[in-house]
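**Student:** Hints are included, so try docking the two chains, each in its own frame, into the full complex.
Those protein sequence lines, which keep their order, are chains A and B.
In terms of numbering that gives the first Met the number 0, the first sequence has 137 at position 138, counting the first letter as 1, and numbering is strictly consecutive.
In terms of numbering that gives the first Met the number 0, the second sequence has 265 at position 266, counting the first letter as 1, and numbering is strictly consecutive.
Just so you know, these hints were derived from the structure itself, not from any lab.
Predicted model, so just to flag it, every value in this text is computed and none were measured.
For glycine and all other residues, C-beta sits at the position ideal for the given N, C-alpha and C.
Please note: incorrect hints may appear among the correct ones.
Stated by the list, open to error - In silico BS3-like links for lysine-lysine, alpha-carbon gap of 27 Å or less:
#1 B:Lys143 to A:Lys226
#2 B:Lys143 to A:Lys227
#3 B:Lys280 to A:Lys233
#4 A:Lys227 to B:Lys202
#5 A:Lys252 to B:Lys202
#6 B:Lys225 to B:Lys280
#7 A:Lys252 to B:Lys225
#8 B:Lys144 to A:Lys226
#9 B:Lys164 to A:Lys252
#10 B:Lys225 to A:Lys15
#11 B:Lys212 to A:Lys233
#12 A:Lys252 to B:Lys318
#13 B:Lys143 to A:Lys225
#14 B:Lys10 to B:Lys143
#15 B:Lys144 to A:Lys225
#16 B:Lys27 to B:Lys144
#17 B:Lys202 to A:Lys225
As the list claims (entries may be wrong) - Interface residues of chain B toward chain A, partial, derived using beta-carbon atoms under 8 Å:
#18 Pro134
#19 Ile135
#20 Gly138
#21 Phe141
#22 Ser199
#23 Tyr245
#24 Phe294
To be verified - Which stretches of chain B does chain A cover? Using the computed rule of at least three CB atoms under 8 Å from a CB of chain A, they are:
#25 81-93
#26 108-115
#27 172-186
#28 204-216
#29 266-276
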Amino acid sequence: MNIIVIMKQTFDTEEKIVIRDGQIVEDNAEFVINPYDEFAVEEAIRQKEIHGGEVTVVTVGPPRAEQALRTALAMGADKAVLIDSTGLELDEYSLSHILHAYIRNQPFDLILGGNFSVDNGAGQVAVRLAELLDLQQVTTITKLEIKDGKALLERNVEGDIEVVECPLPLLATAQQGLNDPRYPSLPGIMKAKKKPLEVLTVGQLGLAPEQLAPKTNVVERYLPQKKKAGLILKGEIPDQARELVRLLTEEAKVI
Amino acid sequence: MKRILVIAEIKHDKLRQVSLEALAAARKMAEGHPDCEIVACAFGEHPEIADALAEHGADRIVFLRNGQLDSYTTSAYRQALLQAMDALGPDAVVTGHTAMGKDLMPRVAAKYGAGLISDCTAIERGEDGLRFVRPIYAGKAFEKKTIGGGKIFVTVRPNNIPAEKAKGRGQVETLDVDIRDLVAVVRDVVRKTAEGVDLSEAKIIVSGGRGVKSAEGFAPLRELAKVLGAAVGASRGACDAGYADYSMQIGQTGKVVTPDLYIACGISGAIQHLAGMSNSKVIVAINTDPEANIFNVADYGIVGDLFEVVPLLTEEFKKVLEKL
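Looking at chain B on its own, in the form it has when it is part of the complex (with noise of 0.2 Å):
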């Protein structure tokens, strides 16, 4: 392993959290070479982002120059990172398991006739070289995956594999490259989640069920994330019965979340919505009926309606909040 390649993504202007946890997980994978060289690669020029990239390991950090790349789109991006990867050649590449991780890693990796290990949690090493641990059926099963030979692709969830400090050169560069034959076009964005935080990176998730009863009786669940900082996410109960949109489903079908906090407020807990949450670190069930599945799955419970109970929660925690 001599060169590993981790990509560096923005959004909404910000370097995402999941990028420098990228930078941990190509650290481990470094282990044991010593002059293995990290380099962050960034689309488009940011050099704001380039000090947190060098505290995390970064030994150059390497900016795409084109402006075909200042918003996503597949064939722009993968023509520019195949460009990257023919200047600089490395044995590995690892990126977030995001919207653009998702879209473009499988690409680049058939390109290259590689393996691409998808959503892995955590890297270990075994006698047998890199294994890369990732969930199956949502979570309800977990495997290791080894990597046969050529470079090896890997996209890392948020939220896992903790980012760290480590000091790294931080040297910048930019390379320009060149973009052409774009066919599709993003005609409009309309943006849904300007006042959220995304479910998938989000620390906190306060999440609700069919006990939410309406749309409008997500109302106090948006008030205790608000005041968490937390994301709201929603079972497929809520979502098939039209009080939340689907881009909020957690579960085997929807999203599979793993925050440090998860509240689940009238979530009876059908196994297809527990494959979706059940990794969380710490997790938080209100339900009134005590026999409700998710309490197996809960670290605290409270039996109650949460009408009652998350606005109290939200009083509480502000208290709490204000004296930190």
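So that you can see chain A by itself, here it is in the shape it has in the complex (with noise of 0.2 Å):
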């Protein structure tokens, strides 16, 4: 069975955000899988070790994003792919068309990615790509069983489990609770320099213009407001309670 993996690199959760000149300040910063694509690399992996094939994972972004596909490799994929966007502004349109343009031509059975990115958030990308790709697509899964060319996926809807069979090729979309993904060990390093890792430019896609154009722009970030000091209650606990309840009711006007 042939897994791609669709995966991006973030900042780490833990990561304060600083911008400078309306741009996300990247030094020093560190930079992880995104935890989401992250559990879909295990399960692709753990997929593999039940069913064989190979698991391939494919990013899209700057050259930096290579130390993520090289974490990926040490954690057991086969093989890795960088779609280098130098240069690049895209959003979720522009870059759901270039990761089509790479996958439309490889061979799978499944494509596993991320709920949703921890940086931008919007959760559009894998969804676009099936779309693209006329494929069947199962979101915010948290099991996956492949059996007989079908897959049967448990889905986490707002804390519901919806139980979902659905014939491959699919695309799924990892929620956390799907697995716990293991680190990378040492052998699994070293073996990782040794993997295929290629490196293509945007423009050896063959992409037209119009599908390289953003539809959507951004025109400015922003932190939000610095919050005023709070206010510490003081005296006995029970005191302090009633005192809150009446500042939530009066003052805030919360209830």
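**Tutor:** Encoded structure:
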């Protein structure tokens, strides 16, 4: 079974955000595999361990994203593809076209990705890709079993669990709870250095200019206003509780 | 802008509040276009929601009719929406940033080769046209986006754009849609949220962290939530420790919430948790550690043991709510 994982390198979730000249400052930031994509990578490797085949991880991004691909290879993916988008302003529309241009020529039974990226947070790219590939999609999955060319999936829908059956090929996006991603082992890291990592440029994919032109544009980025210091209540705990309830009902008026 | 389609979403037999908020967003987008028609569109026939939609500005209410639309599947709803769009020809489509909105809208936007603003929290009018505000990095920062041209798709985050009463014509229609080739089948739905309030739309959230100490430790939080009609959430620490289900997780991984009131109990306030809740309107922190980071974003704080404080709050709220 051939599995393609679409992934993205993101800021570590413990990073603070700094904006300079309208851009997010990346200096000294820790980068990781987007946590939801990490579930997808782990799931792909587990499915390969059961069914055999090959796992290819694909990302669109700057050269630094190679690090995230190497991590995925060290976890157990077989091949990696970095589509270098340096210098391009992309949105979900153009990004999904780039992925589509590459993936449509690849053999696959299953495409996995994260439910959303923790930076941009729109959660569009995987679903758009499914539409462009005319593929069935099952989003926010927490369980995947494949048998006789069919997938049985559980998806988390606002807390409820939906059990879905769908024949392959399909695209699924990972939700938290799908699995517990492994840490790359030392032998895994050594092996990863020898695994194939192909670097392509967007220009090599033969996209039409209108497919690369974003449909939406960011005109401003800013940090939320700092909250003014809050009120720490004083006194005996029962009095504090009473005062808090009064403040919430009479002052903040949120009850 | 001649026509805007708003998807009226039904959950547990009720019209979702976020759909009324989506109507308010549509009206904002229609400002300056007095002839713009706002069409609310629902999957299935639900005459009982027509009045609420008309009172919030819907000029037309179109029920898409087909037996396959009783519950959500990507393929059936996609086919129905595409046919509705063919029939109605909207310039823009607005829906809630809900499980359905997230699953369906990118797909339909891709079909039309159009842009989609996901998780929009405000709409402004700049000299270059509409500007859509949305959080990035789970609310650690925000961005404003414009749409170049073509159809506009928008999903709005619950609890951010206030619903507004506005008189719409409220003309009710039905549209029969054709649905075929359903490949993915929903075999079962296990309801885990029957007694609870949905986190993303909750007005009040009571949330627990590692300080809750065990799964049973959530009991006093649930009691408080019940009295307040609130949803119960959890930090990643509490979920990783197995005290709470991952579906309850609030943070940069997990859900991002913006309720009117967020009560954080035994939550230290890791950056990734703050990202998921710090844009709540009022934040209360209860923690034994006066140095805990959560107090930096709290409007009100009590330094104390949640197992002492929370039951006292429950009792106090009961008394106050009885009087209201």
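**Student:** Each of the hints needs a verdict: does it hold here or not?
**Tutor:** Right, here's what the structure says about each hint:
1. B:Lys143 to A:Lys226: holds (21 Å)
2. B:Lys143 to A:Lys227: Distance of about 24 Å is within 27 Å: holds.
3. B:Lys280 to A:Lys233: OK: Lys280 of chain B and Lys233 of chain A at ~23 Å, within 27 Å.
4. A:Lys227 to B:Lys202: Status holds; Cα separation ~22 Å.
5. A:Lys252 to B:Lys202: Satisfied, since the Cα-Cα distance of roughly 12 Å is no more than 27 Å.
6. B:Lys225 to B:Lys280: holds (20 Å)
7. A:Lys252 to B:Lys225: holds (19 Å)
8. B:Lys144 to A:Lys226: Roughly 24 Å between the alpha carbons, so the hint for Lys144 of chain B and Lys226 of chain A holds.
9. B:Lys164 to A:Lys252: holds (21 Å)
10. B:Lys225 to A:Lys15: violated (35 Å)
11. B:Lys212 to A:Lys233: holds (25 Å)
12. A:Lys252 to B:Lys318: Given that 27 Å is the threshold and the Cα spacing comes to 16 Å, the pair holds.
13. B:Lys143 to A:Lys225: holds (19 Å)
14. B:Lys10 to B:Lys143: Measuring from Cα to Cα gives roughly 30 Å; hence the hint is violated.
15. B:Lys144 to A:Lys225: holds (22 Å)
16. B:Lys27 to B:Lys144: holds (16 Å)
17. B:Lys202 to A:Lys225: holds (22 Å)
18. Pro134: This hint holds: Pro134 of chain B lies near chain A, its Cβ roughly 7 Å from the closest one there, short of 8 Å.
19. Ile135: holds (6 Å)
20. Gly138: Because about 7 Å separates Gly138 of chain B from the closest Cβ in chain A, which is inside the 8 Å limit, the hint holds.
21. Phe141: holds (6 Å)
22. Ser199: holds (7 Å)
23. Tyr245: At 4 Å from the nearest chain A Cβ, Tyr245 of chain B passes the 8 Å test, so the hint holds.
24. Phe294: holds (7 Å)
25. 81-93: Not satisfied, violated; 0 residues make the cut.
26. 108-115: holds (count 7)
27. 172-186: holds (count 5)
28. 204-216: Per the Cβ count (0), the hint is violated.
29. 266-276: With 4 residues in contact (Cβ-Cβ under 8 Å with chain A), the coverage given for the segment 266-276 of chain B holds.
The structure fails to meet hints 10, 14, 25, 28 from the earlier list, while all remaining hints are met.
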